[in-house]
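J.: Sequence:
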Amino acid sequence: MSQAAGIILSLAYIIGLMMTAFPQSEYGLLVLGFVLAAILPRFWRMGPRWWVWIAAGTIAFLAAFYFHLRVPEPTENDISQFVPTADIETDVETEDRVVTVRGTVVSSPRLTRSQSIQFELAAIELQETAPLPDGSSEQIDRPVTGKLYVTVPILQGTGLHPGLEIPVTGKLYEPTPATNPGGFDFSTYLSWRGIFAGMRGETIQWHKVVPNQNSGFDRLWDIRQRIVRSQLEGLGSPEGQLVSAMVLGRRSVDLPYEIRDRFILVGMAHALAASGFHVTLILGLVLAVARRCSEGTKFWLGTVTLVLYAGLAGFQASVLRAAIMGFGGLVGLVLQRQVRPVGVLLLAGVMLLLYDPLWIRDIGFQLSFAATLGLIVTVNPFVKRWDRLPVTIATALAVPISATIWTLPLQMYYFNVVSTYSVLVNAIATPLLSLITIGGFISGIAALIYPTLGSLLAGLLYYPVRGLLAIVVFFSELPGNSIAVGTIALWQLLVLYGLIGGVCVYFAGQADLQKAGKKVKSPGWLLGVLLFFLSLGIVVFPAWHTARNLFQVTVLNTRREPILAIRDRWQVTLFNSGEIDTVRYVVLPFLTSQGINRIEMALSLRPQAIQNSGWQTLLDSFPIDTWYYPALPTETEPDRNLETMLAQVRSQGGSSVPLSVDRTEQMGTTSVRLLNADSRLWQFQIRGQTWLWIGKMDDEVQTQLLAAGKLSEVEVLCWSGAAIPDRLLDTLNPKVAIAFSDSLNDETAAKLQARQTQIFWTHRDGAVQWTPEESFQTLLDTSENDVE
1 MSQAAGIILS LAYIIGLMMT AFPQSEYGLL VLGFVLAAIL PRFWRMGPRW WVWIAAGTIA
61 FLAAFYFHLR VPEPTENDIS QFVPTADIET DVETEDRVVT VRGTVVSSPR LTRSQSIQFE
121 LAAIELQETA PLPDGSSEQI DRPVTGKLYV TVPILQGTGL HPGLEIPVTG KLYEPTPATN
181 PGGFDFSTYL SWRGIFAGMR GETIQWHKVV PNQNSGFDRL WDIRQRIVRS QLEGLGSPEG
241 QLVSAMVLGR RSVDLPYEIR DRFILVGMAH ALAASGFHVT LILGLVLAVA RRCSEGTKFW
301 LGTVTLVLYA GLAGFQASVL RAAIMGFGGL VGLVLQRQVR PVGVLLLAGV MLLLYDPLWI
361 RDIGFQLSFA ATLGLIVTVN PFVKRWDRLP VTIATALAVP ISATIWTLPL QMYYFNVVST
421 YSVLVNAIAT PLLSLITIGG FISGIAALIY PTLGSLLAGL LYYPVRGLLA IVVFFSELPG
481 NSIAVGTIAL WQLLVLYGLI GGVCVYFAGQ ADLQKAGKKV KSPGWLLGVL LFFLSLGIVV
541 FPAWHTARNL FQVTVLNTRR EPILAIRDRW QVTLFNSGEI DTVRYVVLPF LTSQGINRIE
601 MALSLRPQAI QNSGWQTLLD SFPIDTWYYP ALPTETEPDR NLETMLAQVR SQGGSSVPLS
661 VDRTEQMGTT SVRLLNADSR LWQFQIRGQT WLWIGKMDDE VQTQLLAAGK LSEVEVLCWS
721 GAAIPDRLLD TLNPKVAIAF SDSLNDETAA KLQARQTQIF WTHRDGAVQW TPEESFQTLL
781 DTSENDVE
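With this note's numbering, the residue at position 762 of the sequence shown is 762, and numbering never jumps.
Some clues are possibly wrong.
[What the hints assert, rightly or not] Simulated pairs of lysine-lysine, BS3-like, Cα-Cα distance not exceeding 27 Å:
#1 K710 / K696
#2 K696 / K735
#3 K710 / K735
#4 K208 / K171
#5 K735 / K751
#6 K751 / K696
#7 K751 / K710
Hints in this document: simulated from the structure, not taken from any laboratory.
Whole structure, please, built from the sequences with the hints as guidance.
T.: Structural data, given as structure tokens:
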């Protein structure tokens, strides 16, 4: 078989797995193979023979079926089968049903943002107490299978490590899908990992914990923790965790989230993920130390290093890909043959995807594969074209630019943002990254032999680590450090990679012609400019076309506070922000997915400090032109947190406007009126519709407002889902009602149904969106008005 045939068949398998994103596409791939077999040999006489294309179509067809065969499904006695089903209308979920699950810890425990310990548990037995007719109870033990996503309080989880068999007492729950635009699909994320249930653990019965002596998990964890403790002792916190994360990957270390977020923000997330960069440096160091040894000795030293490092990093897909490529290089070294990097990369990809085809959906695997391919095919052409620069500088620029070009489409597709200073930061930080990674590896090896020596060697990295942190912090605080591009479609992603690949193939053909002695005239920078504007148009034009006539109102799914966003073409108005977690997990992902980089107008439903913390978190990412807030009574003491918020708005070039009760303020095309400050009762006029937002309103306030004639019929009522008196419903008589809390009063829902009111409930339906063209739409596919 020729090399071209091998590449085509390898690509066919990978493409077959990728096309599973399109239903029934495997049949099209099979037909395409026969079509290419009939057409291409007539025009490409030096290319692969007809049977290669038929084989490629067949392989792609079988790859899709293999993928679907390996998709995890819960078994009959999976732990998820015992999750209590909640009454979605009343949110009654047998809150008192506490169970105990005995299982084996199969992942390294990690500290979450909420300061809980999270880990995966392979369930073995479910223990629960069932009531008997005579009033007593009995314990029922059921054998179960499957895995659980478990969180426990930090004090309960301290000391956990993979390999322990533990009993956890708590409440089972079903993971939720994304309920807001741009939100995290927790259910899908876990299901791809073979997890279909979660557990909010309360206690771990430590007196019943049993070490698993037959598992290698605990041994690898001990080795890893020995390195982490040694480096932490030598450098302190957070420098020690950062070095450990750069050597072992952030999944192995509880690195502070503030540092993680800053590295991600400036486009240096790869520095905290064990990948090809780390493997290349470490393998290069080992071979340099063993340069006087025989080729066989180098091979075995390199192989042991790759296996050891892959194990310490947790056998992640990106590390395994780099390890296989490194092993291919070692084989070439022993055989004294030149290894073709693209062929080795394809071989590594096929081998890993044969082992686990689901890795084709793993973001880390995709980014690692794309970055490596970019380095292989793009760095050398850049360095040759920049021949006027010193080789060191040209390479330092070519590496981050190449990696950025090939990973940028994936970053936009998954994260909807572009790191503005990514290339510059990586070019500046690469020398420090290399030094810290190599130094961290050496100190880690020393820590395995003698921890004190490992700590001393790690201490030598203090100033390089501080320098790297200073660079990251500086660029992360610059204005415009990231640009939200909004959600891009899969076809846009494929077209972008088609353009990049086409340009690379063109330049490769030009290089072959030059080697053959033929004179070619390269378009050079002109082709680069054309590619840039084509790519920009593919991303920007569809978004511009959609936004130029867009008017959209979104009621986000939140638990406590209502949040409403109005997008009028390119102008964004945000009503309320919620608490810090709501901003972080709901508001920011929504704005980013919409391609929003600035908020023109924002309204706080209340000025208290509990709300200002959320606004301050939002302002760290999105500047606000004008911030409106309810005016405090004149006799009220100044709120220091409110003053801090106002100063922060002004520091970013924005202004603030206090709103008094009964004063109507025009915010873009929407007019806003505060009817009652204590009850957080707001009235909006949106495109000719009256929207009424009700917070907490007691009977006395209702009586006063009704007597004063402030309340009248509305088109849309947004309320907390609590009971609404008949007299208030008679006055408001809404056509649409939206409940924005976890509970919905049955009696009020029945009354609204009797009035032919269309009911939406964000807890059930997810975010609710209204446009003049399509009226009301929900994010989740649920049945409206099904509240009985």
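J.: Look at each hint and say if it fits the structure.
T.: How the hints compare with the structure:
With a C-alpha separation of about 16 Å, the suggested pairing of K710 with K696 holds against the 27 Å cut-off. Distance restraint check for K696 and K735: the Cα-Cα separation of roughly 21 Å lies within the 27 Å cut-off, and the hinted pair is therefore satisfied. This hinted pair checks out: K710 and K735 have alpha carbons roughly 19 Å apart, not beyond 27 Å. Using a Cα cut-off of 27 Å, the hinted pair K208 and K171 holds, with the two alpha carbons roughly 19 Å apart.
In summary, the hint linking K735 to K751 is supported, as the alpha carbons are separated by about 12 Å, within the 27 Å threshold. Taking the CA atoms of K751 and K696, the gap is about 20 Å. The hint holds against a cut of 27 Å. Proposed proximity of K751 and K710 is supported: the alpha carbons are some 23 Å apart, at most 27 Å.
Taken one by one, the earlier hints all hold for this structure without exception.
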